[in-house]
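Undergrad: Sequence:
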Amino acid sequence: MPETVDTTKGTLYLPPHTLHYGLYSVTVIYNVSRTNEDGVLVWETITEIPLVSFTWQCREEGEELPSEGEKVTSDPPTSREEYGTGQGHEGGGCWGQGPGMMSNASPNFSISVNLFRTPYITYKIEVATRSKDGRTSGTGVEVEVVEGDPPTLTSACSPPWICRQVEGAQLVNPQKLILESGCVVEAGEEAVGEDGCGKVPLNVAGVAGSLIQPLDVMDVAIGLNQRKLALLDDFWVKFGSQFRTFDVQVTATRPGETSEGLALQRIRINEAPVGGTCTAEVMQDIHKDEEEEEEEEGSFEVEVRVGREEPPTLIVTALTDTVILNCTDWEDPEGFEIPKYSFFATTERGEKVTLTFSSKVILPYANLTLWAGVSDQLGAETLYMTAVVIPLLPSQELFKEYQTRKTLLKAVSARDQTRVDMLLRSHSWASLCPRKLKILKVRQKRERK
Numbered sequence: 001m002p003e004t005v006d007t008t009k010g011t012l013y014l015p016p017h018t019l020h021y022g023l024y025s026v027t028v029i030y031n032v033s034r035t036n037e038d039g040v041l042v043w044e045t046i047t048e049i050p051l052v053s054f055t056w057q058c059r060e061e062g063e064e065l066p067s068e069g070e071k072v073t074s075d076p077p078t079s080r081e082e083y084g085t086g087q088g089h090e091g092g093g094c095w096g097q098g099p100g101m102m103s104n105a106s107p108n109f110s111i112s113v114n115l116f117r118t119p120y121i122t123y124k125i126e127v128a129t130r131s132k133d134g135r136t137s138g139t140g141v142e143v144e145v146v147e148g149d150p151p152t153l154t155s156a157c158s159p160p161w162i163c164r165q166v167e168g169a170q171l172v173n174p175q176k177l178i179l180e181s182g183c184v185v186e187a188g189e190e191a192v193g194e195d196g197c198g199k200v201p202l203n204v205a206g207v208a209g210s211l212i213q214p215l216d217v218m219d220v221a222i223g224l225n226q227r228k229l230a231l232l233d234d235f236w237v238k239f240g241s242q243f244r245t246f247d248v249q250v251t252a253t254r255p256g257e258t259s260e261g262l263a264l265q266r267i268r269i270n271e272a273p274v275g276g277t278c279t280a281e282v283m284q285d286i287h288k289d290e291e292e293e294e295e296e297e298g299s300f301e302v303e304v305r306v307g308r309e310e311p312p313t314l315i316v317t318a319l320t321d322t323v324i325l326n327c328t329d330w331e332d333p334e335g336f337e338i339p340k341y342s343f344f345a346t347t348e349r350g351e352k353v354t355l356t357f358s359s360k361v362i363l364p365y366a367n368l369t370l371w372a373g374v375s376d377q378l379g380a381e382t383l384y385m386t387a388v389v390i391p392l393l394p395s396q397e398l399f400k401e402y403q404t405r406k407t408l409l410k411a412v413s414a415r416d417q418t419r420v421d422m423l424l425r426s427h428s429w430a431s432l433c434p435r436k437l438k439i440l441k442v443r444q445k446r447e448r449k
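Numbering follows full-length UniProt numbering, with no gaps: position 103 of the sequence shown is 103.
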């Protein structure tokens, strides 16, 4: 587990792209009795299944693929000697037998550039992916064949998962970004320098419609003539308001050659979710058991106690009130589903208190500001202030009734880790007991006077 993942809290949050594709089993061990007894290990067997399928295709620029019902297989030859009459450029596709789908079904595809027969033709190699849950995606690369022996260049995000491929570009968050480039060294060739070429100049340009404007990034980037280029946070501050799309171009020439190799990577700033709202309301549920609440879900009455000020004011009785958090109408500008809504609070001192990833929270006795975080699949987040909390202490009668209901014990028995964590935090923050409740009530009345 990465060090950035906190496993000591009641809620486990995994940042986007923390884990690779696969099935994972999570074991939770917690102890609320303070007896230091060992937790109970719960396990289950997980059967591995292929989660993603891959379909590869290759075609000339301007060619259309066969219709969905027409199956055409077009695999590359093993050597140039396999080209015969009527094949090559004249036959269509990349290998003179297409265009069509390749039989390769693995996530990786490699080919010698010498197998592209005709110079000064641009070929497109594309891959489409489909996951078991129905999600689809795809990407592609354009190969321009030239005469001579130019180096084959690559340019990619490092690590690769920090970028997401969309049509015509790769989405990135506006933060420090590392792009790694270099030359592909074929078998029998001698590598020159760390990147295989000895020197790989990089140029960065801003793209706005048909305008492609070279940018001076000397003061906001590191490694312009090195294998790894780092676009610093200041890069996005300097150019992000003017451009949302950027081209990073890598060029190199082999010693003694005149033909130039080129790789172009287009990156686009990932936009955070927009257009929605989030609300916070109080539901009085002290007289209702958790089991009853589940049976009547959707039929409970919500008591709205939100003031008219901006942000709205929410009066909450610590420990016994349940706050209902709700976010609606949010959209991802890139068109993807929004996978995560999280809720947290900030104290008067600016400390962040993680609440829950569900819609119901129990708050401690504290002056808090409630926030909602709406995140897309790359982690771009929009923060929405939902309410300012004015805390109240429960009456002795309410607190005794809360104790009688054994809310914490029921949450432990139900293995509701999120609810257990919220209840324990409320207990520890207020140190609630009948005697202290009485003292705090008197103090609260004095402060109001």
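Hints in this document: simulated from the structure, not taken from any laboratory.
Since the structure is predicted, the reported quantities are computational estimates derived from the model, not experimental observations.
One or more hints might be untrue.
Said to hold, decoys possible - The list that follows gives simulated cross-link-like pairs (lysine-lysine, DSS-like), each with its CA atoms no further than 25 angstroms apart:
1) Lys176 / Lys340
2) Lys238 / Lys228
3) Lys71 / Lys132
4) Lys9 / Lys228
5) Lys9 / Lys352
6) Lys132 / Lys176
7) Lys360 / Lys340
8) Lys340 / Lys9
9) Lys176 / Lys352
10) Lys340 / Lys352
11) Lys340 / Lys132
Claimed, not checked - Have a look at the derived ranges for each label pair, beta carbon to beta carbon:
12) Thr277 / Ser158: 33 to 41 angstroms
13) Ile178 / Lys71: 25 to 33 angstroms
14) Gly275 / Leu211: 26 to 34 angstroms
We put the CB at the ideal spot given by N, CA and C, even for glycine.
Undergrad: A separate judgement is required for each hint: does it hold in the structure or not?
TA: Hints and how they fare:
1. Lys176 / Lys340: Distance ~23 angstroms between Lys176 and Lys340 Cα, so the pair holds.
2. Lys238 / Lys228: holds (21 angstroms)
3. Lys71 / Lys132: Holds: Lys71 and Lys132 sit about 23 angstroms apart, inside 25 angstroms.
4. Lys9 / Lys228: violated (37 angstroms)
5. Lys9 / Lys352: holds (14 angstroms)
6. Lys132 / Lys176: violated (33 angstroms)
7. Lys360 / Lys340: With a Cα-Cα distance of about 15 angstroms, the restraint between Lys360 and Lys340 holds, given a limit of 25 angstroms.
8. Lys340 / Lys9: holds (19 angstroms)
9. Lys176 / Lys352: holds (24 angstroms)
10. Lys340 / Lys352: Holds, because 18 angstroms separates the two Cα atoms, which is no more than 25 angstroms.
11. Lys340 / Lys132: holds (20 angstroms)
12. Thr277 / Ser158: 33 to 41 angstroms: Given range 33 to 41 angstroms: holds, Cβ gap about 38 angstroms.
13. Ile178 / Lys71: 25 to 33 angstroms: Distance hint for Ile178, Lys71 is violated at roughly 41 angstroms.
14. Gly275 / Leu211: 26 to 34 angstroms: holds (28 angstroms)
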